[in-house]
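Q: Given the structure of chain A, go ahead and fit chains B and C with the ligands onto it with the hints provided.
Letter by letter, the chains look like this.
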Amino acid sequence: MRFSVPGLALGFFLVVGQLLAQPATPLSRLRVQGNAFVTADGKPVVFQGLNASDPDKLEKSGHWDRSYFEEMKRWGATIVRFPVHPAAWRNRGKAQYLQLLDKGVAWAGELGLYVVIDWHTIGNLKNEMYQNPMYETTRRETFEFWRTIADHYKDNTTVGFFELFNEPTVMGGKLGTCSWAEWKALMEETITIIRANGGKAIPLVAGFNWAYDLRDVAGSPINAEGIGYVSHPYPMKREKPWEDKWTADWGFVAKKYPLILTEIGFCGPDDKGAHVPVISDESYGDAITRYCDANGISYIVWVFDPQWAPMLFTDWTYKPTRQGTYFKKALQQQATRR
Amino acid sequence: MRFSVPGLALGFFLVVGQLLAQPATPLSRLRVQGNAFVTADGKPVVFQGLNASDPDKLEKSGHWDRSYFEEMKRWGATIVRFPVHPAAWRNRGKAQYLQLLDKGVAWAGELGLYVVIDWHTIGNLKNEMYQNPMYETTRRETFEFWRTIADHYKDNTTVGFFELFNEPTVMGGKLGTCSWAEWKALMEETITIIRANGGKAIPLVAGFNWAYDLRDVAGSPINAEGIGYVSHPYPMKREKPWEDKWTADWGFVAKKYPLILTEIGFCGPDDKGAHVPVISDESYGDAITRYCDANGISYIVWVFDPQWAPMLFTDWTYKPTRQGTYFKKALQQQATRR
Amino acid sequence: MRFSVPGLALGFFLVVGQLLAQPATPLSRLRVQGNAFVTADGKPVVFQGLNASDPDKLEKSGHWDRSYFEEMKRWGATIVRFPVHPAAWRNRGKAQYLQLLDKGVAWAGELGLYVVIDWHTIGNLKNEMYQNPMYETTRRETFEFWRTIADHYKDNTTVGFFELFNEPTVMGGKLGTCSWAEWKALMEETITIIRANGGKAIPLVAGFNWAYDLRDVAGSPINAEGIGYVSHPYPMKREKPWEDKWTADWGFVAKKYPLILTEIGFCGPDDKGAHVPVISDESYGDAITRYCDANGISYIVWVFDPQWAPMLFTDWTYKPTRQGTYFKKALQQQATRR
Ligand SMILES: [Mg+2]
Ligand SMILES: [Mg+2]
Ligand SMILES: [Mg+2]
Ligand SMILES: [Mg+2]
Ligand SMILES: [Mg+2]
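Residue numbers (UniProt numbering), protein chains in the order written: chain A, 1 to 338; chain B, 1 to 338; chain C, 1 to 338.
Looking at chain A on its own, in the form it has when it is part of the complex (with noise of 0.2 Å):
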């Protein structure tokens, strides 16, 4: 026992900082129902979004504003992921970095979008090894965000959903043996962890191969109810056609479990930021937006931004790259049949 009388300043500060987080007209809440993800009145809901970049980055080009988020809304998203750096959210700071969260959640409440956020890291936890330095991290640390996550978000229902883990991976052994059982447990003690400490967001679960496949699943699915699952389906993880293979690595879950597809995209072989494992064509965005809509999977595009890969728009006039073409018909599409 330790308790000192001035402590206290720090927990109203808190308490004060969450509600302020809260949009004026909260969006319903949400949560898992068999394998739909529904409203607090039980309506299920499929969603079509789009990738932010990271909120440090943008912020730091001058673009964190409301005017990014009405972008995205104008091309028909009715969701919106923030992938967090680990090395951002260190660098800046968590206070810091829960202010730009604050303004974007806010700004997305206020124009009727979800939001994910993503623990955006890339490796091995189990031996806190990863792909490169940016994203590095450990499993205190990881155990951590969401701690405090879990309490800065509790009560806001904008935050839809908490990305544990963005694409879990052993590279082939390069960052050496992570087993199903070990990174099942991770990411039980995980979801422990958010819900004991209030979290009321949807956690969602990836697989090995960078977040591709959730083959063990069908064995072996996460000890938690309420949650769902992630794949980010690349064109060039399997050859085309690509459906019956998508089915056995990762669609099948779509039948017991809700499925969400938190990075797809394409560019073409010429593209700027051509790279393994993205290169294809308006083919991939077909098949793979069909096979969604034929299965309730809901999907997000990755990335609203001019600069990372495979990218939406060419430059802050927000003009469409191919696959932003693309997608921006795609989902205003969807938008027009809701």
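Treat the hints with care, as some may be off.
No copy is singled out in the list; a pair is fine if it fits within one copy or between any two copies.
Stated by the list, open to error - Okay, derived cross-link-like pairs now, SDA-like style, lysine to any residue, Cα gap no bigger than 20 Å in a straight line:
| no. | residue 1 | residue 2 |
| --- | --- | --- |
| 1 | K200 | D151 |
| 2 | K94 | E136 |
| 3 | K126 | L186 |
| 4 | K60 | R90 |
| 5 | K200 | T177 |
| 6 | K154 | G173 |
| 7 | K184 | P221 |
| 8 | K126 | A196 |
| 9 | K184 | A196 |
| 10 | K184 | E141 |
| 11 | K94 | R139 |
| 12 | K184 | G173 |
| 13 | K94 | Q131 |
| 14 | K126 | T177 |
| 15 | K154 | Q131 |
| 16 | K154 | M171 |
| 17 | K245 | A294 |
| 18 | K103 | S61 |
| 19 | K255 | D293 |
| 20 | K329 | T317 |
| 21 | K126 | E144 |
| 22 | K154 | G172 |
| 23 | K200 | M171 |
| 24 | K94 | D155 |
| 25 | K126 | N197 |
| 26 | K126 | E141 |
| 27 | K126 | R140 |
| 28 | K126 | A181 |
| 29 | K245 | D281 |
No wet-lab data here; the hints were simulated from the structure.
A: Positioned in the frame of chain A, the structure of chains B and C with the ligands alone reads:
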């Protein structure tokens, strides 16, 4: 192998430091016999004492001096506990913090007071998550702390006890999970390290719920001889009447192992520093002191400081607070009975 | 996914760095065949060589140069070991330390000497506790070191061996516990990482008791093909006569796996740097070199430095010490028999 000749100097310095730390007339070496702490000649001892605040805090405010120990002696204490906060240990530095401890141990020894060195953290050591930042530490730092302390005080008999980890808690899952088996393994590893480094003080082990709960000891005691158990039964951990609940939760341990309540205390609901779980009145003092007397249980009152709560005095004239008045009398009466 | 276009530059730089690290006339790629190290054409090789001191230490004192390698060659060495201290690796920085290694590997290759890169730490990697601060590292840093080294030297045939961890020890419990099964798992994870990152050098694995004891290999060998085992049989690890004890403790391994003693050496009781466990005389030199010859075991003498002990020369004229005189003759005789 790498042996650098000038390296001999450091070892010499450490040996001299240890000799200086020993009082002129050493106290009798304590050990465990059955369910009792006993002196070298086998005489059982039950302690009543006081918690110092962190030596680092006392030194910074000019109160880490012999008169502080003389006052504790006048209040009737036979033991004093030093709560070493990990953040204070790190910030002051190992060598400088050891100098503080050496001074306090010397003053205590001269006055015939035994010392408990307490690694004063609160949280889940398995996940390295804590109640708040001042309690942050790692498994490695915890092991290294005890390696250092065990070696430094190996021949000092004033330091009768090493309290391995102040208050284990998962905070209802906010800090993730830790099973008793996992906790037990961490404590056993710590005891192995202490003893291999020559530490002869009695290791003290606490259980979950902020060191309140020892029920797991019944079926799965720590696998080590010569240790004691700890509880911190503040009044609001259970509803009055307490006695049967105390017996079920931790008191039963005293039939088989030595037991010491390294923190007890109360304050009135309107007193400065009142907070859960310490709010009560003198009936708590009566109950806990009688329970300890009846069962041969040692206790140490929290805290001999005018700012930390529940405080025992109001200012540096050592004017007793409400609980200070109560416990000063209780300890002095015990002292006259010795 | 996050792909930043300017990021290409770094990959290009690393590839160029690797090419420059390769000598003009490459040595034959070593591999394991049965219980022998063999060249690419299957010819068995038994090595006799010398331990450099830490390249960082040599560079700081102006001795990391081609003449140092020429002198080792003159003494009859066919292999040289580079003990990389974790603190030196961290303090100099990865890129700068790799430049040091590249120079040494190039000089060795030009002179026909194979190189062992040795992660020179002493302690319990499981608990991340060490004999003293210069040996401090973490599991993560150890894995990352080997990820870096494996990738950097993947096509370099001079670097014949990766010695994964110099001297594992729990120091009789002072560093806690580590079972052989726990140690084995750490070594297997390291080997997985090395090979997935393209490392083709032969991994060398030591056992507890400061790399002396390999008895656990009998019942529970490392689960990986193509590796060698290590012992450091300094004279005082066992009482003379040594031979039967050596066979029981580590020599038996040589019947089934390639074995290399990456540290041997002695000094007289009054020599500078004399310390446990290295004090002996020439009878130790006779015994260990004969034992190695009789059993096809490679060895590397500690240490080609005038300050670290047991030293092989007294000053930078390379004047041999007592053990220097002994081993210079032993190596040169071996060299004439080749
Ligand atoms: Mg307490
Ligand atoms: Mg993967
Ligand atoms: Mg050695
Ligand atoms: Mg607890
Ligand atoms: Mg991705």
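Q: Each hint should be assessed against the structure and marked as holding or not.
A: Structure-based check of all given hints:
| no. | hint | in the structure |
| --- | --- | --- |
| 1 | K200 with D151 | within (9 Å within a copy, 44 Å between copies) |
| 2 | K94 with E136 | both (16 Å within a copy, 16 Å between copies) |
| 3 | K126 with L186 | both (8 Å within a copy, 13 Å between copies) |
| 4 | K60 with R90 | within (15 Å within a copy, 31 Å between copies) |
| 5 | K200 with T177 | between (32 Å within a copy, 19 Å between copies) |
| 6 | K154 with G173 | between (37 Å within a copy, 15 Å between copies) |
| 7 | K184 with P221 | within (8 Å within a copy, 29 Å between copies) |
| 8 | K126 with A196 | between (22 Å within a copy, 17 Å between copies) |
| 9 | K184 with A196 | within (18 Å within a copy, 23 Å between copies) |
| 10 | K184 with E141 | within (18 Å within a copy, 25 Å between copies) |
| 11 | K94 with R139 | within (17 Å within a copy, 24 Å between copies) |
| 12 | K184 with G173 | both (18 Å within a copy, 17 Å between copies) |
| 13 | K94 with Q131 | between (23 Å within a copy, 17 Å between copies) |
| 14 | K126 with T177 | both (8 Å within a copy, 16 Å between copies) |
| 15 | K154 with Q131 | between (31 Å within a copy, 19 Å between copies) |
| 16 | K154 with M171 | between (35 Å within a copy, 17 Å between copies) |
| 17 | K245 with A294 | within (16 Å within a copy, 59 Å between copies) |
| 18 | K103 with S61 | within (16 Å within a copy, 42 Å between copies) |
| 19 | K255 with D293 | within (14 Å within a copy, 64 Å between copies) |
| 20 | K329 with T317 | within (17 Å within a copy, 78 Å between copies) |
| 21 | K126 with E144 | both (16 Å within a copy, 14 Å between copies) |
| 22 | K154 with G172 | between (37 Å within a copy, 16 Å between copies) |
| 23 | K200 with M171 | between (32 Å within a copy, 18 Å between copies) |
| 24 | K94 with D155 | within (19 Å within a copy, 43 Å between copies) |
| 25 | K126 with N197 | between (23 Å within a copy, 18 Å between copies) |
| 26 | K126 with E141 | both (13 Å within a copy, 14 Å between copies) |
| 27 | K126 with R140 | both (11 Å within a copy, 10 Å between copies) |
| 28 | K126 with A181 | both (11 Å within a copy, 18 Å between copies) |
| 29 | K245 with D281 | within (18 Å within a copy, 69 Å between copies) |
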